[in-house]
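Peer 1: Please construct the entire structure, taking both the sequences and the accompanying hints into account.
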Amino acid sequence: MKLNTSQIEKLFQFTRKHYVEWYDLQSELVDHLANGIEQQWQQNPKVIFEDALQIEFKKFGVFGFMDVVEERQKSLGKKYSKLIWKHVLEFFKIPKVFMLVLFSAALFYFRRALEVATDYFTIVLCFLLISLFTVATVSSYRKKKKAQLSKEKKWLFKDIIMGYGLGSSIGLIPFYFFNALLPHASSFSNINSWLLGVISFGFVLMCIMMYVMLVVIPKKVEEYLEETYPEYQLVKQNVKQGIL
Amino acid sequence: MSNNQLYRGSLATIILRLLEQEGRMYGYEITQKVKEMTGGRMEIKEGALYPSLHKLEAEGHLTVAVEKVDNRIRKYYSLTPQGENEVVNMLAELKEYMENMQAIMNHKLSY
Chain A
5 MKLNTSQIEK LFQFTRKHYV EWYDLQSELV DHLANGIEQQ WQQNPKVIFE DALQIEFKKF
65 GVFGFMDVVE ERQKSLGKKY SKLIWKHVLE FFKIPKVFML VLFSAALFYF RRALEVATDY
125 FTIVLCFLLI SLFTVATVSS YRKKKKAQLS KEKKWLFKDI IMGYGLGSSI GLIPFYFFNA
185 LLPHASSFSN INSWLLGVIS FGFVLMCIMM YVMLVVIPKK VEEYLEETYP EYQLVKQNVK
245 QGIL
Chain B
188 MSNNQLYRGS LATIILRLLE QEGRMYGYEI TQKVKEMTGG RMEIKEGALY PSLHKLEAEG
248 HLTVAVEKVD NRIRKYYSLT PQGENEVVNM LAELKEYMEN MQAIMNHKLS Y
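Here the protein sequences come in this chain order: A and B. Using my numbering, the first residue of the first sequence is number 5, and each one after it goes up by one. Using my numbering, the first residue of the second sequence is number 188, and each one after it goes up by one.
Any given hint could turn out to be false.
Taking lysine to any residue and the SDA-like style, the derived pairs with C-alpha atoms no more than 25 Å apart in a straight line are [claimed, not checked]:
#1 LYS232/B to GLN43/A
#2 LYS157/A to VAL253/B
#3 LYS158/A to THR250/B
#4 LYS14/A to PHE61/A
#5 LYS240/A to THR250/B
#6 LYS255/B to PHE53/A
#7 LYS6/A to LYS232/B
#8 LYS78/A to ASP257/B
#9 LYS62/A to TYR194/B
#10 LYS255/B to SER10/A
#11 LYS220/B to MET5/A
#12 LYS240/A to MET229/B
#13 LYS86/A to MET5/A
#14 LYS82/A to TYR263/B
#15 LYS86/A to ASP71/A
#16 LYS255/B to GLN43/A
#17 LYS150/A to GLY167/A
#18 LYS224/A to THR250/B
#19 LYS63/A to GLN219/B
#20 LYS90/A to ALA245/B
#21 LYS149/A to GLN241/A
#22 LYS50/A to ASP257/B
#23 LYS232/B to ARG20/A
#24 LYS150/A to GLU226/A
#25 LYS82/A to LYS262/B
#26 LYS262/B to SER10/A
#27 LYS149/A to LYS223/A
#28 LYS90/A to GLY247/B
#29 LYS240/A to ALA252/B
#30 LYS100/A to GLY201/A
#31 LYS6/A to ALA245/B
#32 LYS62/A to MET229/B
Rather than coming from a laboratory, the hints here were simulated on the basis of the structure. Remember, it's a predicted structure, so these values are computed and weren't measured experimentally.
Peer 2: Structural data, given as C-alpha cells:
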C-alpha cells in the first residue's frame, strides 16, 4: 500500500510542526517517513497512518528532527563561508587586484592628507556602517515578508545567503578595531605609515567582503541554489504547473 | 544505530562503504540495508544518519541526485571521486584499528 497525496501533504505539515521550515529538508524527511510507514503497512496493513507516523518519528530520537536541522545549517554555513572567500580571493587576482591596490592606496593618501582627529573618522565610519546595515536589514525583511505572502517554498541555503549575511556583517563592523588602533591620535598624518597602510588595506578588504555578501552572492542566488539542490529546478517547474 | 560509541564512530565509514558497493542509495534504503546485512542486530538511528550524510555531502565526499518517485521527491546519494578515495583511506584506517585492538585484546603477559 502506498501513501496518497493528502497523506504526503500531512507529512509535510508534520515536519513544519516539528520546526523544519525548509523545503529541501522537509522533502527528504517526508520521503523517509513515507518509506517507513509503507514498510509498516507491508507487515501489518491495519496500522493507522497516524500511529505508523509516530512510530517512525520516534526513531529520530528524543530531539526529533533537531539534529538533522542543526547539522544541515552547520554544513551549509560552511559552504557559504567558502563561497564568500572564493569571491573575496578573486580580488587578489588580475585584474581585480588592481582595484584592491588602487583603493587601498587612495585611502592611504587620503587619510595621510587628512588633518582631522581619528575619532571623527571612526564616528563617520560607524554611522555609515550602521546605516548600511539598517537599509540591508529592512530590505531583507521586506523580501522575506513578500516570500511568505506568496507561499514560496523556503530553501535553507537561500535563507543563509539572504539573512545570515546580514547577521555576520554586523560582526565585521570594526568598532574595536579602530578604537584599539587609533585611540587618541590627533590626526591621521601623525600615524606610522605602515600602520596606516595596514588599516587602509584592511578597511578596503572589509568593504569587499560586505560587497560580496550583500551584492555579489545574492545576485547569483538562483545559480547557487541550482548547484546545491538538484531538485530546485524540478520543484520550480512543478510549482508553476501547480503540481507541488 | 545501537546506542554504542563504537558503532557511532564508524557511521561515516559504513555509509561510504555501502555507497561504494551499491552505487547510489537514499537515506531509508541505507537504514534497511544495514539492518538486513547484520540480521537486525544493528540499526542506524535516523537522527544520526542524516546529519552524517549531510556532513559527508558538504565535505565533497557525496553527491546528490533527485528523482520523483510515486508522489514525492527522493534524494539519492552517491560517491564523488573524492569520496571514492576517502573510502580507501577509511577502510585502511579501520583495518589498522581492528588489528591493533586485536593485538591488545589477545596480548598475554609473558615473563
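Peer 1: Can the restraint linking LYS90/A and GLY247/B be considered satisfied, given a maximum Cα separation of 25 Å?
Peer 2: Status holds; Cα separation ~16 Å.
Peer 1: CA of LYS14/A to CA of PHE61/A, is that 25 Å or under?
Peer 2: holds (14 Å)
Peer 1: For the pair supplied as a hint, LYS50/A and ASP257/B, confirm whether the alpha-carbon distance does not exceed 25 Å.
Peer 2: holds (22 Å)
Peer 1: Given the hinted pair LYS224/A and THR250/B, is their Cα-Cα distance within 25 Å?
Peer 2: holds (21 Å)
Peer 1: Decide if the proposed pair is consistent with the structure: LYS78/A and ASP257/B, CA atoms, cutoff 25 Å inclusive.
Peer 2: Measuring from Cα to Cα gives roughly 31 Å; hence the hint is violated.
Peer 1: Please work out if LYS90/A and ALA245/B have their alpha carbons no farther apart than 25 Å.
Peer 2: holds (16 Å)
Peer 1: Is the Cα-Cα distance between LYS62/A and MET229/B 25 Å or less?
Peer 2: It holds: about 17 Å lies between the C-alpha atoms, which stays within 25 Å.
Peer 1: Between LYS150/A and GLY167/A, is the straight-line Cα distance small enough, at 25 Å or below?
Peer 2: At roughly 14 Å apart (the allowed maximum being 25 Å), GLY167/A and LYS150/A satisfy the hint.
Peer 1: Would you check the hint for LYS255/B and PHE53/A, treating anything up to 25 Å between C-alpha atoms as holding?
Peer 2: The given pair, whose Cα atoms are some 22 Å apart, holds under the 25 Å limit.
Peer 1: Do the alpha carbons of LYS6/A and LYS232/B lie within 25 Å of each other, as the hint requires?
Peer 2: Measuring from Cα to Cα gives roughly 24 Å; hence the hint holds.
Peer 1: Just to be careful, I want the Cα atoms of LYS158/A and THR250/B compared with a cutoff of 25 Å; is the pair within it?
Peer 2: The given pair, whose Cα atoms are some 22 Å apart, holds under the 25 Å limit.
Peer 1: Could you grab the alpha-carbon distance between LYS262/B and SER10/A and see if it respects the 25 Å cut-off?
Peer 2: The given pair, whose Cα atoms are some 21 Å apart, holds under the 25 Å limit.
The structure shown violates the earlier hints numbered 8, 12, 13 and 31.
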